[in-house]
Amino acid sequence: MSAKDPVVIKSKGKKTNKSKTTINAKIPQNVETRKPEASTSSSNPTSNRDTRIENAIIAYVHKLSPIQRNRKNTVDYSTLVLQTEGKNIDALLYSKNKRQLLMDSEQSHTPLKIQKFTKSALGEKIIINDMTKLSTPDQTEYRFQFEKIANPGDQIIPIEEILNNREPSDSVALRAKAIYVAETTVVGAKNLKLAQAIFADSSGKIRVNLWENQIPLIQAGQMFTITELQVREWSGEKKVSTTVKSVIKSITDEALEKITVSEAEIETIAEKVINVPFIDMVKSVNMSILCSNCSKKILQATANNIVRCDRCGCRMRLVSCKKQLSVQVLVKPIDGGAIELLIFQDSLKNIINSLDTLNEDQVAESLLALDNLQIKYDPTK
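So for the sequence shown, my numbering puts the first residue at 1; every next one is plus one.
In case anyone wonders, no lab produced these hints; they're calculated from the structure.
If you're wondering where the values come from, they're calculated on a predicted model, not measured in any experiment.
Using N, Cα and C, we set each Cβ at its ideal position, and we do this for glycine too.
Any given hint might turn out to be false.
Said to hold, decoys possible - With a cut-off of at most 25 Å between alpha-carbon atoms, the simulated DMTMM-like pairs for lysine to aspartate or glutamate come out as follows:
no. : residue 1 : residue 2
1   : LYS283    : GLU183
2   : LYS238    : GLU183
3   : LYS72     : GLU85
4   : LYS322    : ASP130
5   : LYS96     : GLU106
As the list claims (entries may be wrong) - Simulated restraints on C-beta separations:
no. : residue 1 : residue 2 : range
6   : ALA150    : VAL319    : 47 to 55 Å
7   : MET131    : GLU257    : 49 to 57 Å
8   : MET103    : ILE289    : 30 to 38 Å
9   : ALA56     : GLU237    : 38 to 46 Å
10  : SER354    : ASN88     : 46 to 54 Å
11  : ASP371    : GLY204    : 37 to 45 Å
Model the full assembly from the supplied sequences, consistent with the hints where possible.
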């Protein structure tokens with residue numbers, strides 16, 4: 001490939017030396033900046049924890065927060081509430097591999113059996129880490145049912161209040177007008193549908209991420225209430241995102257009807273194109289193993305030749321599993337700055353020949369060999 005010919009990175013198109021090749025990239029999901037619970041600010045994430053291994057408990061999962069970073073910038077964690085028989089217990093999650101299992105439990109309202117966990121120094125919080133074992137309990141092991149915990153996500157809050165006084169991962173409700181709804185895109189390894197929107201009320205404007213089946217419920221120019229929104233923050237700007245629990249209702253409101261937003265503000269949602277001389281750094285090459293039966297990621301993979309899916313329970317040979325590749329890179333646009341992007345397998349196949357035959361080092365080397373790049377990405381994701 002000639003250094004004079006620009007490489008345009010997109011998700012579809014043939015690989016030729018003369019025609020432009022394009023790849024869609026995505027900014028990695030941001031680390032939330034909410035202040036940590038308990039002792040998470042310690043430079044040693046285990047320094048203020050009781051190291052004793054506790055017996056098993058059975059619990060339903062509530063209020064699992066997005067991934068956050070402690071104040072010393074040394075460890076990622078999430079907060080959650082465990083509903084056990086007789087009481088609710090605050091918990092901290094320090095294992096990315098266990099996160100999806102907890103999310104599945106919360107969404108399906110099914111209990112988990114939690115073993116090999118520890119507790120915080122004062123014994124008030126349960127600690128879930130890589131050593132903790134999560135499994136589905138036998139029905140004879142518990143006698144209590146899922147109960148809804150009161151959630152502040154049902155309380156309608158002015159947009160100005162959300163922007164100024166709410167923290168990332170807080171749950172809120174919105175009563176506002178949909179000023180703009182972008183086209184639906186497909187993002188991530190799970191191919192989830194996402195539409196970016198701008199909502200406004202009398203106090204201000206805010207970006208809203210709309211997901212999956214909630215997208216068709218929103219039309220620009222109409223008024224809505226939306227509950228169970230989650231506050232997020234990216235590049236210093238707060239926005240909210242719908243969750244699986246969000247309830248959207250169409251309303252009429254004369255005051256909201258009169259609100260408008262300028263074209264300049266709407267344009268800020270549009271896809272961005274940058275030119276870079278080359279990929280400055282490959283930060284990680286991530287290969288996920290997918291279950292041959294349900295196609296979901298195997299979270300607790302081992303070095304054995306036989307693996308078990310945490311979701312459907314099927315066991316299979318490791319060589320039979322599909323693989324999903326993604327690469328996190330750092331690029332420095334010609335006009336200045338630095339941006340971290342995620343490039344997924346479908347896009348990588350358009351710019352790297354014989355991708356399936358390469359190991360992680362070879363994938364990284366192939367990307368670093370490219371120059372004179374034009375990259376499309378959505379700055380709001």
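- Which of the listed hints are not met by the structure? 1, 3, 8
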